[in-house]
Amino acid sequence: MAALSEEQRMIKDQASAWVREQAPVSTFRAMRDQDVAQGFFSETWQAMIEMGWTGLVVPETYGGAGLGYQTLGLVLEQLGRNLVASPLYASSVVGAAALMHSGSEDQKQALLPKIADGGRLVVLALEEGPRHNPSQIMCRAELTSSGVTLSGTKQFVMEGSAATDFVVAAKVDHGAGETGVGLFLVACDTPGVRRHAVKTMDSRGYASVTFNDVALDLEAMLAGPDTGQAVLEAVLDVATAALAAEMLGTAAAAFDMTLDYLKTRKQFGQVIGGFQALGHRAAGLYSEMELTRSCVEAALAALDNDAQDAQELVALAKCKASEFLHEMSSQLIQIHGGIGMTDEFDAGFYLKRARVLENALGNAAYHRDRYAKLLNF
Amino acid sequence: MTEQAINLDTFRAEVAGWLQENFPENLKGQGIAPFGGVEGDRVVEGDAALWRDRLASRGWGTPTWPADLGGGGLNHEEAKVLSEEMHHVGAINPIPLLAGMGVTMVGPTIMEYGTEDQKKRHIPGICSGKVRWCLGYSEPNAGSDLASLATKAEENGDHWLINGQKVWTSGADISQWCGALVRTDSGVKKRDGISFLMLKMDQPGVETRPIKLIAGASPFCETFFNDARAEKDDLLGALNDGWSVGKRLLQYERASQTGARPTSNKVSGSLQSLAKSYVGETATGELADADLRVRIADHLMHTRAHGLTIARITAEAKGNPEVSAAASILKNSATRVSQERAELTLEFMGHQGLGWEGDDFSEDEIEHVRGWLGGKAISIYGGSFEIQNNIIAKNILGLPETTQKG
Ligand SMILES: Cc1cc2nc3c(=O)[nH]c(=O)nc-3n(C[C@H](O)[C@H](O)[C@H](O)COP(=O)(O)OP(=O)(O)OC[C@H]3O[C@@H](n4cnc5c(N)ncnc54)[C@H](O)[C@@H]3O)c2cc1C
Chain A
1 MAALSEEQRM IKDQASAWVR EQAPVSTFRA MRDQDVAQGF FSETWQAMIE
51 MGWTGLVVPE TYGGAGLGYQ TLGLVLEQLG RNLVASPLYA SSVVGAAALM
101 HSGSEDQKQA LLPKIADGGR LVVLALEEGP RHNPSQIMCR AELTSSGVTL
151 SGTKQFVMEG SAATDFVVAA KVDHGAGETG VGLFLVACDT PGVRRHAVKT
201 MDSRGYASVT FNDVALDLEA MLAGPDTGQA VLEAVLDVAT AALAAEMLGT
251 AAAAFDMTLD YLKTRKQFGQ VIGGFQALGH RAAGLYSEME LTRSCVEAAL
301 AALDNDAQDA QELVALAKCK ASEFLHEMSS QLIQIHGGIG MTDEFDAGFY
351 LKRARVLENA LGNAAYHRDR YAKLLNF
Chain B
1 MTEQAINLDT FRAEVAGWLQ ENFPENLKGQ GIAPFGGVEG DRVVEGDAAL
51 WRDRLASRGW GTPTWPADLG GGGLNHEEAK VLSEEMHHVG AINPIPLLAG
101 MGVTMVGPTI MEYGTEDQKK RHIPGICSGK VRWCLGYSEP NAGSDLASLA
151 TKAEENGDHW LINGQKVWTS GADISQWCGA LVRTDSGVKK RDGISFLMLK
201 MDQPGVETRP IKLIAGASPF CETFFNDARA EKDDLLGALN DGWSVGKRLL
251 QYERASQTGA RPTSNKVSGS LQSLAKSYVG ETATGELADA DLRVRIADHL
301 MHTRAHGLTI ARITAEAKGN PEVSAAASIL KNSATRVSQE RAELTLEFMG
351 HQGLGWEGDD FSEDEIEHVR GWLGGKAISI YGGSFEIQNN IIAKNILGLP
401 ETTQKG
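Chains as they are written, first to last, in the numbering used here: chain A, 1 to 377; chain B, 1 to 406.
Treat the hints as calculated values from the structure; they're not laboratory data.
It is possible that some hints are incorrect.
[Said to hold, decoys possible] Mimicking DSBU-like on lysine-lysine, the simulated pairs with C-alpha atoms at most 30 Å apart in a straight line are:
1. Lys200(B) to Lys189(B)
2. Lys276(B) to Lys199(A)
3. Lys263(A) to Lys12(A)
4. Lys266(A) to Lys212(B)
5. Lys373(A) to Lys276(B)
6. Lys28(B) to Lys130(B)
7. Lys266(A) to Lys247(B)
8. Lys199(A) to Lys171(A)
9. Lys120(B) to Lys80(B)
10. Lys263(A) to Lys189(B)
11. Lys120(B) to Lys247(B)
12. Lys189(B) to Lys266(A)
13. Lys152(B) to Lys266(A)
14. Lys232(B) to Lys247(B)
15. Lys130(B) to Lys212(B)
16. Lys247(B) to Lys394(B)
17. Lys130(B) to Lys200(B)
18. Lys80(B) to Lys119(B)
19. Lys263(A) to Lys152(B)
20. Lys114(A) to Lys199(A)
21. Lys130(B) to Lys232(B)
22. Lys120(B) to Lys232(B)
23. Lys247(B) to Lys189(B)
24. Lys263(A) to Lys190(B)
25. Lys212(B) to Lys152(B)
26. Lys212(B) to Lys263(A)
27. Lys247(B) to Lys263(A)
28. Lys171(A) to Lys108(A)
29. Lys171(A) to Lys114(A)
30. Lys171(A) to Lys276(B)
31. Lys212(B) to Lys199(A)
32. Lys263(A) to Lys394(B)
33. Lys247(B) to Lys200(B)
34. Lys394(B) to Lys266(A)
35. Lys190(B) to Lys266(A)
Everything numeric in this text was worked out from a predicted model, so none of it was measured.
All chains, please: the whole structure from these sequences, using the hints.
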């Protein structure tokens, strides 16, 4: 772990204590068992608002704390550990980043404070097909003299069930054919917007959202075709690095559960961790975890510092986090034997969440390819 | 043509004719669904029951087993013809599924170790597809270290009294019989005081509690024996020789698991074409994701190598796939093939591979997810991946035994 500032240490300790005491995995289990439609408990969200996490990265001028992504990563990692379900990532990180990177001063003034105080849930509506592909957007925004008409369907929108507003990526059409991608702010109760919950294996609040000739004011355009692509990339960099931090936490908790079991489960008169086959596997996983942590921390730091190689580091972090979480969640089950397969035990939750996060915003293969592209080969 | 070939052709014609008369058209291509799906845990009715009974009347659910015990009495060539002809008309043999562990494991072990009386009492039921067997091996403290099992059986007049707890007993709640490993002597080395008992599940001393799995269904149970009874003559093999009987049964289990079945029966067609349908292809017809393409190719090559190895081992054993230590190699290799296939499929399905329920996902996609989850167990049951490697190291390679003593 990189050296933390006093403030960072306090935030990390607070997050770790809160997650341990107030948001154990049994809370997630209860949410799943009760089939909570919005995909999280309102009390969980309320607690996060009170701790100020919803405004963590929002600049102070807009009512936030203006802390960096490294600090945010500390919180997300703790949340990832216990699979805490909330819209914090989708709205207070990704939604906030969208408005921090685009929109007029008025729009920022209007929305960022609402994101920071948890009053509005602003989420990115990007994916259209089964695989992450931000360069192939089919949603269309037609610009007319009086406004914008938006149409298309967005799938797998994170926290789309509870969202109050969507930031929609769409191809802009000036009337003279399509140009670049733009970003559009759409309140969920705008006529023509329809959404339905999508039941995924991680029991979280995804939605599929359809925009049927939705009429918007011109101000709804947060970024036009000239800047849209660059803004989207910047938002995705933040979203991807932050997700990698959450994934690291999820994998680290899976590692700890596994290590604990290796030290306590006895067969053949000894703890199973004493079998070298398993000892070496744990050693290998531990090494991978350390490598992953370095990459995640470096990516977050690069975003804070506007580093030149930030994009490379983000691709690296997501790739490593995906690979490690993939292997770790599988081994969590394997090393627990029969118990690992039961729903009463938590391992299945980690496995299911792992595959969802691995796939989100591009899987390991996607980011290997992106890394190659960034290195120009 | 040789005499044998002529006989086989005659047999093929006979099978084809019989199928035409006896296989219910309704079941064509339905697979195992009418028989309760992968768990095979629903009451079999109507055409499904009719087909089960007709097949059993010829002994063709267990084609190579002796005819006088309810089997088909066929040789391996004839059995192959039967399965080809059934495949041809879209029929499946549901009896191995309906018998639980009966056809793949318990039956062969009874035929090897059982008395004439035991064979007569137990084999026909397995062949009928109406008597399901479960296996009571594992206990909370005896998983990989099976020899540490503590469930006790004591002689009590004309029967055995059994007390203790088993766990992970697949199908315990829907089985009629159980093959259980029990401790019959506590004063000797662990492996020398174990016996194999066969007992009825439907009796006051047996209680089962289904355990839900990560895939959602509850195919296995905790099983409690509280003064449960087994008849005196339902001891399989010699008293205190249960370890050899039980180990032999596990070899049959491994042998039955070498086929690398897909974890889901629904996703059909080649992996390559399915991948293309989600990922797309380049102008020259290659899978659009080059990284994934290489990994799928690697998987297909491993699948091929696995198939070739089964064929080679079978040929070397002259038609009888040997039930031996080689089964450990094949089990681990089969496990890798099916788990890898499931993971790759999940990956290329992207968001569509992450569904749990609802109309946003096709039936195939949902079934794939459930199968992928359930398939995580293949490397755990029947001797885990690690335990198979221990067996290979010790029994095939002659390396010193480091852990599995006692
Ligand atoms: C779906 C499913 C169905 C099952 N059905 C049945 C059934 O019908 N009847 C029945 O009796 N049992 C059944 N089992 C139980 C199964 O056989 C056991 O789960 C298995 O033997 C492992 O035991 P365990 O779960 O206690 O794990 P443990 O033995 O505690 O193993 C935990 C981990 O340690 C590893 N390990 C243990 N010893 C060693 C060693 N010496 N060297 C290296 N690694 C080691 C294991 O490989 C595993 O990864 C089933 C299990 C599952 C998952």
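Hint check results:
1. Lys200(B) to Lys189(B): With a Cα-Cα distance of about 29 Å, the restraint between lysine 200(B) and lysine 189(B) holds, given a limit of 30 Å.
2. Lys276(B) to Lys199(A): Holds. Lysine 276(B) to lysine 199(A) sits at ~25 Å (cutoff 30 Å).
3. Lys263(A) to Lys12(A): 27 Å, holds
4. Lys266(A) to Lys212(B): Satisfied, since the Cα-Cα distance of roughly 24 Å is no more than 30 Å.
5. Lys373(A) to Lys276(B): 23 Å, holds
6. Lys28(B) to Lys130(B): 22 Å, holds
7. Lys266(A) to Lys247(B): Holds. Lysine 266(A) to lysine 247(B) sits at ~21 Å (cutoff 30 Å).
8. Lys199(A) to Lys171(A): 28 Å, holds
9. Lys120(B) to Lys80(B): 26 Å, holds
10. Lys263(A) to Lys189(B): 26 Å, holds
11. Lys120(B) to Lys247(B): 23 Å, holds
12. Lys189(B) to Lys266(A): Given pair lysine 189(B), lysine 266(A) holds - Cα atoms ~19 Å apart, limit 30 Å.
13. Lys152(B) to Lys266(A): 21 Å, holds
14. Lys232(B) to Lys247(B): Given that 30 Å is the threshold and the Cα spacing comes to 22 Å, the pair holds.
15. Lys130(B) to Lys212(B): 25 Å, holds
16. Lys247(B) to Lys394(B): Between lysine 247(B) and lysine 394(B) the Cα gap is close to 15 Å, so the pair holds against 30 Å.
17. Lys130(B) to Lys200(B): 14 Å, holds
18. Lys80(B) to Lys119(B): Distance of about 25 Å is within 30 Å: holds.
19. Lys263(A) to Lys152(B): 29 Å, holds
20. Lys114(A) to Lys199(A): 28 Å, holds
21. Lys130(B) to Lys232(B): Since the Cα atoms of lysine 130(B) and lysine 232(B) sit roughly 24 Å apart, the hinted pair holds (cutoff 30 Å).
22. Lys120(B) to Lys232(B): 16 Å, holds
23. Lys247(B) to Lys189(B): 16 Å, holds
24. Lys263(A) to Lys190(B): Answer holds: lysine 263(A) to lysine 190(B) is near 24 Å, not above 30 Å.
25. Lys212(B) to Lys152(B): At roughly 27 Å apart (the allowed maximum being 30 Å), lysine 152(B) and lysine 212(B) satisfy the hint.
26. Lys212(B) to Lys263(A): Holds, at about 26 Å.
27. Lys247(B) to Lys263(A): 28 Å, holds
28. Lys171(A) to Lys108(A): 23 Å, holds
29. Lys171(A) to Lys114(A): Since the Cα atoms of lysine 171(A) and lysine 114(A) sit roughly 27 Å apart, the hinted pair holds (cutoff 30 Å).
30. Lys171(A) to Lys276(B): OK: lysine 171(A) and lysine 276(B) at ~26 Å, within 30 Å.
31. Lys212(B) to Lys199(A): 19 Å, holds
32. Lys263(A) to Lys394(B): With a Cα-Cα distance of about 25 Å, the restraint between lysine 263(A) and lysine 394(B) holds, given a limit of 30 Å.
33. Lys247(B) to Lys200(B): It holds: about 22 Å lies between the C-alpha atoms, which stays within 30 Å.
34. Lys394(B) to Lys266(A): Since the Cα atoms of lysine 394(B) and lysine 266(A) sit roughly 21 Å apart, the hinted pair holds (cutoff 30 Å).
35. Lys190(B) to Lys266(A): Distance ~16 Å between lysine 190(B) and lysine 266(A) Cα, so the pair holds.
Every hint, counting from the list given before, is met by this structure.
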